[in-house]
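There are 2 protein chains.
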Amino acid sequence: MPSQDIRSDALLNALRAEARLAPTSGIGEARSYGMGREGLIPLWVGEGDLPTPSFISEAATRSLAAGETFYTHQRGIPELRQALADYHARLFGRPFSPERFFVTGGGMQAIQIAARMVAGAGDEVLVPTPAWPNFAAAVEVGGAKTVAVRMDLKDRAWTLDLDRLAAAVTPRTRAIFVNSPSNPTGWIASREEQAALLALARKHDLWIVADEIYGRFVYGEEKRAPSFHDIMDEHDRILFVQTFSKNWAMTGWRIGWIEAHPALGDVIENLIQYSTSGVAVFMQRAGVAALERGDGFVEHQVARAKTNRDILENGLGSSNRISFARTNGAFYFFFGVEGFDDSMALAKELIDKAGVGLAPGKAFGPGAEKYLRLCFARRTDHIEETVRRISAFLG
Amino acid sequence: MPSQDIRSDALLNALRAEARLAPTSGIGEARSYGMGREGLIPLWVGEGDLPTPSFISEAATRSLAAGETFYTHQRGIPELRQALADYHARLFGRPFSPERFFVTGGGMQAIQIAARMVAGAGDEVLVPTPAWPNFAAAVEVGGAKTVAVRMDLKDRAWTLDLDRLAAAVTPRTRAIFVNSPSNPTGWIASREEQAALLALARKHDLWIVADEIYGRFVYGEEKRAPSFHDIMDEHDRILFVQTFSKNWAMTGWRIGWIEAHPALGDVIENLIQYSTSGVAVFMQRAGVAALERGDGFVEHQVARAKTNRDILENGLGSSNRISFARTNGAFYFFFGVEGFDDSMALAKELIDKAGVGLAPGKAFGPGAEKYLRLCFARRTDHIEETVRRISAFLG
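Protein chains in written order, with numbering that gives the first Met the number 0: chain A, 0 to 394; chain B, 0 to 394.
Chain A extracted, bound-state conformation (with noise of 0.2 angstroms):
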């Protein structure tokens, strides 16, 4: 009789190589490091330290206690679409039909049935780097290959070449993924960048993948970074990956949604049927809820993230052991320490002498080998203290 281990490998063995060989997240390698130490300030997850506001838990509460609790529409229920549409009238100042919008289990559901639209087995895909890695593992997953085109971090920007990134198109290359914001860098693509990457993917007929999911944590003049509707005409294929997650501290809930020319949605429709078959309807009353009632939230999060961005920039920034660019965008400082090249022994040294957690940049694809993410999305005091202990450490 075999040995346990031996015939648990062979079970292990018995699965789709795809799915055996998913890459398992750096972040949670970090993450389970630090986890648990006394007094560490945890900064490697994309999320805020504030709960969801108390009237959008509400209004799943009220739904709850009326015994909304039966299948629903699996595209969304039509208060939460016609609610989506009039949000995106008041962001982009013009109007947006309900039909566009299907409702998924978080971003990431978003994300997966977008993959699952334009690429599988034989098919490439994309992703300028660094970038967050579940899109990657997600197309990949499903059978299709990524491709990483590495941006560049000069003067304290990052950069993407758009000349790298078209000399990486093949016969096989069905889509581009563009997030912006981005996370971890930071990264806005300008209104002549989208336009040209528009430009390529029609060229080549290729989709675009848009995840604007950080599009309004922005610290200039504007409201919200430029977007791909800002350009497109409604035929061009893209489609749009969103979240509540971020924007309303409701990162737990797993609610987001796709936005798509209606004539994707019988396909969309199916897709989540045979995914998830659809939100719960209290879920998505509190989504309701956060859409017609949560600008003033999202508008204070914006502020004491930009407060904290300052904080960092101006406290960290004076080290000349520190390399990063200076963030427009999203909610995270992505940065280097010169004489470290390695991302994960950085983070673990930084765990267990400065009771910092952060994300190593091997997580985030090539470019990002040297780097750490820190969100600050938190606290302004403990911002403050990492400065502090961050400081103390390089000395």
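Since the hints were made in silico from the structure, they are not lab data.
Given the structure is predicted, the values throughout are model-derived calculations rather than measurements.
Note that CB positions come from ideal geometry on N, CA and C, so glycine has one too.
Where hints are given, some of them may not hold.
Stated by the list, open to error - Pairwise CB distance ranges, derived in the manner of DEER restraints: (1) A:39 x B:96: 27 to 33 angstroms; (2) B:151 x A:16: 22 to 28 angstroms; (3) A:166 x B:48: 57 to 63 angstroms; (4) A:121 x B:11: 47 to 53 angstroms; (5) A:78 x B:292: 31 to 37 angstroms; (6) B:11 x A:13: 35 to 41 angstroms; (7) A:390 x B:96: 44 to 50 angstroms; (8) A:53 x B:11: 39 to 45 angstroms; (9) A:171 x B:53: 51 to 57 angstroms; (10) A:11 x B:32: 45 to 51 angstroms; (11) A:171 x B:8: 21 to 27 angstroms; (12) A:78 x B:219: 29 to 35 angstroms; (13) B:144 x A:390: 55 to 61 angstroms.
Go by the hints and put chain B onto chain A.
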């Protein structure tokens, strides 16, 4: 400039074929035809008519009020995994490790993840039919092929021809989907049939995806249906897909679980991470309440379903125009009417002339074409009225 329609078609045709061609649910077509008809008794969906018991909803409400709105364990909170282990220990009379349980966004997500684990492009999965269509659809969206193996209705019982199943195995076969008690037929695999299925799987190194969701909805002397749990070795290639939906009237919640050998835990965690990134803590608290305090509710539902089954079989079974199997498990009356070979036409006629909404068999694959599925997990007076209406229709 091409017309709007031509441009919308082009957009649709730019999608990946497996996504574009995912079948629309045939249940949906009948439902759309009959929705909103005054006085119609809707029995098309696989869902009871009771809202979630308040002790379950209130567990979610308390968690929400306590601010449990952050990211959590991808495998599920420890309390729920422990509650699942305890529940299984009670049901199967032996200990279970909490490490075997992985919380998902509904039974559908459990199925999707199981499908991803075992079959991709080039692979085949065997599905005895009639079968609930979503399993096959999830497999095919992932690029694999399903092979239907027809079951037979003889002498008021559905039977699975094990030789026919064995003959369908090819070098590309990776798994067998076994749904017992069956939706829609009510077929229950006997201990001997399960042993034969397991022997076939062992012989050809196949996975079994075991859907025992209706295991407690049985109408004989036993408290539950036979389960692969009764005969399996811990290293057998069996993935159990499960849901809170039916037992605890939580269809709309979208919470379920996969049960598998703990050696597969990292892979399952990754697949959860890259599809929905977990289930809300407040939902999971409700799951704990259901498992720990929900036995009485399950027994009430099963007793009511048994009463309803008897009313249907006694009321309609005497008509020589009706063909059906005795329903010993699940909560569907699955029947054909002499003179009707097209179940969609029959479903529409019953909507128009009898005011009863049923699911047409054509949605359930080969062998199901001429049957209708009636969900009897409903108020008994509605089932009595349904019998009157269908009897009058039959004349």
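Checklist entry - Any hints this thing doesn't respect? Which numbers, in order? => result Checked against the structure, the hints that fail are numbers 2, 4, 12, while the rest are satisfied.
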